[in-house]
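Chemist: Using the sequences provided together with the hints, build the complete structure.
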Amino acid sequence: MVAGVLGSSGGLPSIRLVPGWLTTASNWSGQHGLLVSLREHVVYTLVAVVLAAFFAIPVGLVLGHTGRGGFAVAGVANAIRAVPAFGLMILLYVLVSPKITFRGGIGWLVPRGALGSFIPIEAMLVVLAIPPILVNTYAGVQAVDPAARDAARGMGMTGRQVVTSVELPVALPLVLAGVRSAVLQVIATATIAGYLPFLGGLGYQIFINGLPQINNTKVGYPAMLGAAVIVALLAVVAELLLLGVEKLIVSPGLTGSFRLKRRSRTLRQAQAGVPDGYSPQIQGET
Amino acid sequence: MSHVWQYFSDNRSEVFGWLRTTIWLAVVPLVIGLAVSLPIGWFASRFRWAYPPVISFGGLLYTIPSIVIFLALPGILGTGILDPVNVAVALTVYCIALLVRAVADGLASVDRAFLDAASAMGYSTRQRLLAIQLPLAVPAIGAGLRVAAVSNVSLVAVASTLGVSQLGSLFTLGNTTGDTAPIWLGLIMFILLALVIDAVILVGLRAATPWRRALQQ
Chain A
1 MVAGVLGSSG
11 GLPSIRLVPG
21 WLTTASNWSG
31 QHGLLVSLRE
41 HVVYTLVAVV
51 LAAFFAIPVG
61 LVLGHTGRGG
71 FAVAGVANAI
81 RAVPAFGLMI
91 LLYVLVSPKI
101 TFRGGIGWLV
111 PRGALGSFIP
121 IEAMLVVLAI
131 PPILVNTYAG
141 VQAVDPAARD
151 AARGMGMTGR
161 QVVTSVELPV
171 ALPLVLAGVR
181 SAVLQVIATA
191 TIAGYLPFLG
201 GLGYQIFING
211 LPQINNTKVG
221 YPAMLGAAVI
231 VALLAVVAEL
241 LLLGVEKLIV
251 SPGLTGSFRL
261 KRRSRTLRQA
271 QAGVPDGYSP
281 QIQGET
Chain B
1001 MSHVWQYFSD
1011 NRSEVFGWLR
1021 TTIWLAVVPL
1031 VIGLAVSLPI
1041 GWFASRFRWA
1051 YPPVISFGGL
1061 LYTIPSIVIF
1071 LALPGILGTG
1081 ILDPVNVAVA
1091 LTVYCIALLV
1101 RAVADGLASV
1111 DRAFLDAASA
1121 MGYSTRQRLL
1131 AIQLPLAVPA
1141 IGAGLRVAAV
1151 SNVSLVAVAS
1161 TLGVSQLGSL
1171 FTLGNTTGDT
1181 APIWLGLIMF
1191 ILLALVIDAV
1201 ILVGLRAATP
1211 WRRALQQ
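Top to bottom, those sequences are chains A and B.
Residues 1 to 286 in this note's numbering are what the first sequence spells out, letter by letter.
Residues 1001 to 1217 in this note's numbering are what the second sequence spells out, letter by letter.
In case anyone wonders, no lab produced these hints; they're calculated from the structure.
Note that the coordinates shown come from a computational prediction; the quantities given were computed from them, not determined experimentally.
Yeah, the Cβ is synthetic: ideal placement off N, Cα and C, and Gly gets one too.
Some chain B residues close to chain A (C-beta under 10 angstroms, calculated; not the full set):
(1) Leu1060
(2) Ile1067
(3) Ile1081
(4) Val1150
(5) Ser1151
(6) Val1158
(7) Ser1160
(8) Leu1162
(9) Phe1171
(10) Gly1186
Modeler: What follows is the structure, given as structure tokens:
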């Protein structure tokens, strides 16, 4: 249907109109302005990643702890990766939305009448977000030094305590790397939510508003590309934010700087034949 | 399943045409991406100062959602929004972003002792790179290639949201008609295509690393 409207090739409004579109205040306000779209996009992303993490992190921890199912984890994750997200979303939409008779909205989460679109897109995004988190959690737990695990056991920790106070903290950098890559994929893919009726997100400007009138200099191509630029910026900001969170919550015992400082000092002391515990002026330099 | 088969036999010629476009869109960027990544990756592994900027730039490119590149390219290249060339160029960019790192890390991971041995045997620097270092890096590069191939196939489907005609058109068609047959057919064909391309790469990797089989025996 869209192809018919777009019959002409070339002759699009210039890409130079994009900065102007992005800096026009009226494009940021209103029911389908960029601010609202951005909020919707972030909400779709958060809901999907949080649901996926609630499933994938515990399952990854348990499987990694018992060492069972590694082959299955890799196999399922690879199989899911081969499924085209857009196709899965359309399938779920065509199957699910006719069965949903509820036509109201749910607070600010789901707009009026959009539940039939909201469920398929969120289900698809959750499926998409699970593999990176699951695979990384599993790999992170598997990579924990067996000596650390044995020491924890030797100290009398129960299996659950080993998981929560040794394996999870040590695996955290990898778990978070999985969450990061899930967030990136979900932000990118949530754009196609705009393809379904009644939903927003930054895809609204692209698919519902922009594509049918692509040659329009105001709401056509410049608006589509403008919204797309915001999606890219959102992805970059999310990545930086999560890297910051990682710095904050990963134990300093695991990060290189702490270990290097300690090791280099003891090394130099050892080389100089200085007894342990004696630390003169070298202390300051790291 | 029978109605999916029915749909397939009724629309066979059209579906095969889309399949050809999809294969073209998934494979050509992979080949060009690999060809471009090899020298860049080598450069990043050879000169230590070049590694961080090259790898960060690749990471940044990979952060940009595909739909953004699909949309920006017509404006930059002057192509039409429906032109498959946009998709091919966008996927090539992704392949390079992914493969440069695989090539650089693969080349860097080759044991220094092998390189020293080759030099001692009289290999020139270039001979050593092509005959020793590159073949030994093939498994690492191949792993990157497999990831790029699978992600390429599913990214091709995203392009159908803009109306580019290929197997993803089965999804947009199913959406407008409410018929699940084309959607199932599309999912099956995309997954099969990903599996087949992956298998071809695996066979190629086995052929390119005969010593690995020799070692196992």
